[in-house]
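Undergrad: Place chain L on chain Z using the hints.
Those protein sequence lines, which keep their order, are chains Z and L.
Under the numbering used here, the very last position in the first sequence is 461; numbers go up by exactly one each time.
Under the numbering used here, the very last position in the second sequence is 461; numbers go up by exactly one each time.
Subject to a maximum C-alpha distance of 20 Å in a straight line, what follows is the list of computed EDC-like cross-link-like pairs (lysine to aspartate or glutamate):
| id | chain 1 | residue 1 | chain 2 | residue 2 |
| --- | --- | --- | --- | --- |
| 1 | L | 185 | Z | 425 |
| 2 | L | 185 | Z | 175 |
| 3 | Z | 172 | L | 184 |
| 4 | Z | 414 | L | 188 |
| 5 | Z | 181 | L | 177 |
| 6 | L | 414 | Z | 188 |
It is worth saying that the hints were derived from the structure and are not from the lab.
As the structure is a prediction and not an experimental result, all values here were calculated from the model.
For reference, the chains in residue letters:
Number of protein chains: 2
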Amino acid sequence: MSMASTANPLYASLFSKTTVKPSLSKPSNSSELFLRVQNPNAVSLRSSFLCSSSVELIKGGNSVFSSSRVRSRSMICASSAQVMDQSPIKTECKIPTIVEVDLGNRSYPIYIGSGLLDQPELLQRHVHGKRVLVVTNNTVAPLYLDKVVDALTRGNPNVSVESVILPDGEKYKDMETLMKAFDKAIESRLDRRCTFVALGGGVIGDMCGYAAAAYLRGVNFIQIPTTVMAQVDSSVGGKTGINHRLGKNLIGAFYQPQCVLIDTNTLNTLPDRELASGLAEVIKYGLIRDAEFFEWQEKNMKALLARDPNALAYAIKRSCENKAEVVSLDEKESGLRATLNLGHTFGHAIETGFGYGQWLHGEAVAAGTVMAVDMSYRLGWIDDSIVKRVHNILQEAKLPTVPPETMTVEMFKSIMAVDKKVADGLLRLILLKGPLGNCVFTGDYDRKALDETLHAFCKS
Amino acid sequence: MSMASTANPLYASLFSKTTVKPSLSKPSNSSELFLRVQNPNAVSLRSSFLCSSSVELIKGGNSVFSSSRVRSRSMICASSAQVMDQSPIKTECKIPTIVEVDLGNRSYPIYIGSGLLDQPELLQRHVHGKRVLVVTNNTVAPLYLDKVVDALTRGNPNVSVESVILPDGEKYKDMETLMKAFDKAIESRLDRRCTFVALGGGVIGDMCGYAAAAYLRGVNFIQIPTTVMAQVDSSVGGKTGINHRLGKNLIGAFYQPQCVLIDTNTLNTLPDRELASGLAEVIKYGLIRDAEFFEWQEKNMKALLARDPNALAYAIKRSCENKAEVVSLDEKESGLRATLNLGHTFGHAIETGFGYGQWLHGEAVAAGTVMAVDMSYRLGWIDDSIVKRVHNILQEAKLPTVPPETMTVEMFKSIMAVDKKVADGLLRLILLKGPLGNCVFTGDYDRKALDETLHAFCKS
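Just chain Z, same shape as in the assembly (with noise of 0.2 Å):
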């Protein structure tokens, strides 16, 4: 079924079961790519070298989907309707977009659109075995959960679904919850060829995902994040776990889902905080390496918070774009990767020191952005205008920019203490240093300017 000519870095998959006869010409120019399809049901092309290329997909002698710009590492992708349809491909319309997080055998897809719950055999394909737990909360369940049992079992009477519904909050991030999936798993007497779906925000992704993970030693599962914190960050990369009463995600596990599938409709529903919140992560793509995203998002801040479609679709995509290049490079955190966590040890230690659940986390985050932007800063490693750059934007956004007043500079060194980036008891950061969309992971700073920071956000 593969059309890749090994000789050429042009790689190209075909999703679809008919049988179809692809046939691939690439033109003298290279800066020119076609690719001629017979009757396809879903069609991906990726190439790393598209970045500047014209991208045509023909039916009948019709184009159907050009593309003067493919992002490096993204995908197109066409299902057989809209080829049938013969209409141009627009990002608001149920065609996934497709953001492929790469890691050889362990790679998969990210389809980002709008009405993807109404597409049963995207989710239906990365199901394995016969058996399926959808581990949701009691928010999202109303909502969603019988779409999503639907969009597993319709034209598939083969496949029965269990579901389990978990208290809603960051507070129930715990292993007392965690172990009631364990128990819904067990006594519905799911097997190793079962798959758990995780349907809900950051919370239930990471818990469903470390269920997933430990359960049996491992079963498949997939990702289908309904704020806009899960869509921009927590579902894509394999991080899962729960929290300890003395610190965040302090247990867990590295595991990676067959697909996250984002249905920006479920957005829909979200809350105005949830969305804002979920903005702080959006936020921090574009100051550790994406200035002109970050330019991008200071002209459509307003369009994000009035949920236009084609900007939140642009802004989930880019972010997943980012999150995806970056696991891609270091999925284990040895290094790149905790650049993402760019005002979370700040943000970690309010979640944990003000109570789980009190903030959300893109609030925390936020008003950790700020002290972390403070401290590069103090520094002297970045200047003025980024400072009061990040204070408009997460003030726009109407995100916190100092953290809750209870926080004293001692809460903070006890809780960071125990951060997940300490090593040999040095407490490394991301900062940020030299222009807009440059930052570093380092335990080489001068002790002085973290003590300054937390001494300027707190009152003692």
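TA: Frame of chain Z, contents of chain L only:
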């Protein structure tokens, strides 16, 4: 430091940190291989071509080690003291036998020998970072904890050791007890560069290994097994986990140690019943894949029960070689590795149904093995001489050959239904088939035979 020639199947690695000038000669007669080194601290030699070759280690013109038979995948190792000594190396002295578990970049050695805990450099070379957590239990701690702390810290003042002492017994192999290890690690502020050390039997090894797999999403760990059960089976191969009230080992991870250090002197304090329990797994290796080893056991069971050091050392080494080979070929148990579970599906049902800790694991496995062998015979897959020999050897080892009287057919059926080897509802079993030393892992058997076996061994 490598003496390996890429064109040569012989592979040699030096553990020594001292400067050595190795010279390696390979005579034209390929049945004779010689390794010559100058002033080595420790030398290991590994080759899959050495099965029937002679190996000689020479120091100052004198042969200090020679062997006419080195098993595939085994290694020989000489420490500087013995090389200096120029005395012949024998298995009963402090030179460890090394069995390598070949898992690519996650390969690790199993050291086997008496008095290995008196050789700090052996342990210390596998400690990462400056912080160690020893996980042990209240039976083993009074006997060996001080010795292990000494081995970790002697001449190594930068390393600090914490310990957590769990209650002893299978019934404590649960999440509640596991949390004590996490609590201790977090309260001690251990970071990702720490090392967990499992000191104890199979329960401690499984729990410490799983704690290491999950703590901060994974830290280094070392196994120091102190029971025959752990030394011949559970410490090798990376299966870690805890029990659920509904079934054994249902929550866990595949997570490999840095090394396994087997000091056979620790068996001096092992109760007879624990010794016999471990022999159930030794017998298993003979039945599923090593008829010659089974025959050796038939001849040497009295010596094993009398704790003859040479007999025990040989049984441990040969068991580890069998286990290492199987794990190398099928780490995640997609097929072959499941054969190591001969008797375990019945045995786990006994442990779960009769109550964790009522019978030792090996006792349940022994009765389970008799049941699996009975079923194999009913299927016509083995002749009755094997049935008799299995009965005889287990009885000689003073192991049970029938399940507890309280076990009913229904208990077996309902507990076996949640076994990890169930796939899409079908219970797969390890059964003997053919001559001694052959088995199959299959769901393709007559259900009537299973029913008959259960009814033959249960009153109701």
